[in-house]
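Visitor: Here is what each chain is made of, one letter per residue.
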Amino acid sequence: MADKIRDVILESGIPVKPVYGPEDLSGIDPAQDIGKPGEFPFTRGIHPLMYRQRPFTMRQYAGFGMPHETNQRFKFLIENGQNALNVAFDLPTQMGLDSSDPLAEGEVGRVGMAVDTLADMEVAFAGIPIDQISVSLTINAVAAPIMAMYFVVAEKQGVPLNQVRGTAQNDILKEYIGRGAWIFPVEPAVRLIGDTIEFCARNAPKYYPVSVCGYHIRESGANPVQEIAYAYAIAKEYIRRGLGRGLGIDEFAGQISFNLDIYGNFFEQIAKFRAARRLWARIMKDEFGAQNPSTMMMKMIAGGGGGGLTIEQPENNIVRGAYYALISALSGTQTMALCSYDEAYTIPTEKAALISLRTMQILIEEMGIADTVDPLGGSYYVESLTSEFEKRISAEIQRVDDEWGGIVEAVSGGIVQGEVARQAYRFEKGIQDGSIPKVGVNRFRMEEEQRDVALHPYDPKQAEESIRRTAEVIAARDAGTVESALQKVRDAAANGHNTMPALIEAVRAYATIGEITKTLKEVFGEYAEQVKL
Amino acid sequence: MPNKPIRVLIAKPGLDGHDRGARLVTLALRDAGFEVIYPGLHQTVPKIVETALQEDVDVIGLSILSGAHLPIAEKLMNELRAAGMDDKLVIVGGNIPEQDIPALKALGVAGVFPSSSRFEEIVAFIQSNVADKVP
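Top line first, the protein sequences correspond to chains A and B.
Residues in the first sequence are numbered from 1 upward in steps of one, following this note's numbering.
Residues in the second sequence are numbered from 1 upward in steps of one, following this note's numbering.
These are calculated hints, taken from the structure and not from any lab test.
Some hints could be false.
20 Å max Cα-Cα, derived EDC-like pairs, lysine to aspartate or glutamate [to be verified]:
#1 B:Lys75 / A:Asp459
#2 B:Lys47 / A:Asp131
#3 A:Lys429 / B:Glu74
#4 A:Lys532 / B:Asp31
#5 B:Lys47 / A:Glu23
#6 A:Lys429 / B:Glu55
#7 A:Lys17 / A:Glu388
#8 A:Lys206 / A:Asp131
#9 B:Lys75 / A:Asp101
#10 A:Lys532 / B:Glu35
#11 A:Lys429 / B:Glu121
#12 A:Lys391 / A:Glu409
#13 B:Lys105 / B:Asp87
#14 B:Lys75 / B:Glu35
#15 A:Lys438 / B:Glu55
#16 A:Lys461 / A:Glu447
#17 B:Lys75 / A:Glu105
#18 A:Lys518 / A:Glu105
#19 B:Lys47 / A:Glu315
#20 A:Lys438 / B:Glu120
#21 A:Lys461 / B:Glu121
#22 A:Lys391 / A:Glu105
#23 A:Lys351 / A:Glu403
#24 A:Lys532 / B:Glu74
#25 B:Lys47 / A:Glu105
#26 A:Lys532 / A:Glu403
Which bits of chain A does chain B cover? Going by a derived footprint, with three or more residues having C-beta under 8 Å, they are [as the list claims (entries may be wrong)]:
#27 215 to 226
#28 231 to 243
#29 423 to 431
Note that the coordinates shown come from a computational prediction; the quantities given were computed from them, not determined experimentally.
Using N, Cα and C, we set each Cβ at its ideal position, and we do this for glycine too.
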């Protein structure tokens, strides 16, 4: 009697057969469903020659402490061949609090750079040619004022608004699902995103105002199908807001990009990205009537996520990172980032960040990954799985709309959050009972292991320094100019006008992030979290 | 005499919004038969003390991933003492480096459960330590 074949069911609930063959491609039309790279529906990639023509961008997340320290780390990464930056802000900045706010105590400069005023952004980007380096701002609830600061810094460096490149994360709906850096109630928070989309479409057309994050939804425990489905439901909402401002779909939707996650099963992730690209093209063309192929292209940063890394035997995370980078490249990403191996312990040290960067460089320089486009295209297994993913993602998006009343409703009421938490709980139980294998955790565990990880130091003195710097800025600015600029922010927020021009005026006058947020709170109120577990 | 279920407050203090762990522990402790309150993100220390009092919990579990566990735990322990609530069992979970565990315990934190701790360990720890306090 033959040994029993074990069942394989992917995290997304898709069963996997031991062998795939031509019969598994029977429902797939090679021209309609797979097509050529650079052509609709972009299953094989958004550019005809992909990395052969232009390698993926490498963009590690960095930023800590004071703006001048962040500036040094940026220069270090650029000197070592990184060609884009991803700015981390500390929690007070993300929550719209000045360093001097009592709620900021113990957090100033801890997980990212502390920004109180434009002066901090000027220091952070001093000597960095932002017309050549693509900068991504990881900021959400206060994305609008931070983008305003960035635009003013660019202008002071001689880069006019209509030439500014870069990306803001600016995806508030996912903050309510995972990551949790929300301030305002859902509706006005989404309206602010509409303001940034409209402002950029009309004034800064090269800027990517929103990067919709499946990443954090998956890091919160969503499975890969849920990751894409909820991200797409969110992206569609932002697009409706843009349309609501009188913009045409091809005027702005192509500037909305995606930030997606990699951990878990190798082929499941690759199929996820290929299916996501195809489905997005179809949504944009069929649902929104896009005409411009660029609008239909799902542009992404696909990064190796912390969710797959382990505290146990941390050096193993270097190996995981290399596989995640390979997944990302085989999935046709535009931009790649990798969590560093010490992520489960600390803000990455310089050494760990460098290993991540080198991992990506080894992949593209040594491994031939750039030689030919979508090398897995046509694989019986990958194409079959890609089609199955597309169906399941579509069905889950449908569920958000039909059963939960749309994404704004589902997020406001904590429904998505509960769904994701239950999925995370099932997964964690699987790790703990060993049914989901994890090396070093439930396989090949070493009880007396040495955990030799250097911790990134935190200096409480930097809070004092930040408070002092901002006090100097406040003493030097013109109080009347600040007050009248903040009044314009208040009026724009209250009257439903686009807040961006007033925000630019306010940051230019060196209004603090705390003052701006307080002004917006007076109009918008604060979010009251709904926990449904 | 029927046993009253153990009541637990899971609290996310401060500005950190990563609550996958807090939610997992909430669900696991509920499955173990505890009554668990998870009021959501961005709780201040005074708010945590107030909730613990109102909800009459036996256990306060702090979930912290930002690295600010030492200052936050210190503040909580001081405020609990000031409120005469130092009989509450305080446990801390999250991104906690091994070398900080003695300092947390010196502050009066009873148990520390870094990321990747097993649910059954947390459950067993609460059961044995809360039972100890019942005369």
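Visitor: Against this structure, judge whether each hint is valid.
Guide: A quick look at each hint next to the structure:
1. B:Lys75 / A:Asp459: Holds. Lys75 (chain B) to Asp459 (chain A) sits at ~19 Å (cutoff 20 Å).
2. B:Lys47 / A:Asp131: Measuring from Cα to Cα gives roughly 46 Å; hence the hint is violated.
3. A:Lys429 / B:Glu74: violated, 32 Å
4. A:Lys532 / B:Asp31: With Cα atoms ~16 Å apart, Lys532 (chain A) and Asp31 (chain B) stay inside 20 Å; holds.
5. B:Lys47 / A:Glu23: With Cα atoms ~61 Å apart, Lys47 (chain B) and Glu23 (chain A) exceed 20 Å; violated.
6. A:Lys429 / B:Glu55: violated, 28 Å
7. A:Lys17 / A:Glu388: Measuring from Cα to Cα gives roughly 13 Å; hence the hint holds.
8. A:Lys206 / A:Asp131: holds, 11 Å
9. B:Lys75 / A:Asp101: holds, 17 Å
10. A:Lys532 / B:Glu35: holds, 15 Å
11. A:Lys429 / B:Glu121: With Cα atoms ~13 Å apart, Lys429 (chain A) and Glu121 (chain B) stay inside 20 Å; holds.
12. A:Lys391 / A:Glu409: violated, 24 Å
13. B:Lys105 / B:Asp87: Roughly 15 Å separates the two Cα atoms, so the pair holds.
14. B:Lys75 / B:Glu35: violated, 25 Å
15. A:Lys438 / B:Glu55: Since the Cα atoms of Lys438 (chain A) and Glu55 (chain B) sit roughly 38 Å apart, the hinted pair is violated (cutoff 20 Å).
16. A:Lys461 / A:Glu447: Violated, at about 38 Å.
17. B:Lys75 / A:Glu105: holds, 11 Å
18. A:Lys518 / A:Glu105: holds, 18 Å
19. B:Lys47 / A:Glu315: The hint is violated at about 40 Å.
20. A:Lys438 / B:Glu120: holds, 18 Å
21. A:Lys461 / B:Glu121: The given pair, whose Cα atoms are some 37 Å apart, is violated under the 20 Å limit.
22. A:Lys391 / A:Glu105: violated, 48 Å
23. A:Lys351 / A:Glu403: violated, 48 Å
24. A:Lys532 / B:Glu74: violated, 30 Å
25. B:Lys47 / A:Glu105: It holds: about 16 Å lies between the C-alpha atoms, which stays within 20 Å.
26. A:Lys532 / A:Glu403: holds, 16 Å
27. 215 to 226: holds (count 3)
28. 231 to 243: violated (count 0)
29. 423 to 431: holds (count 4)
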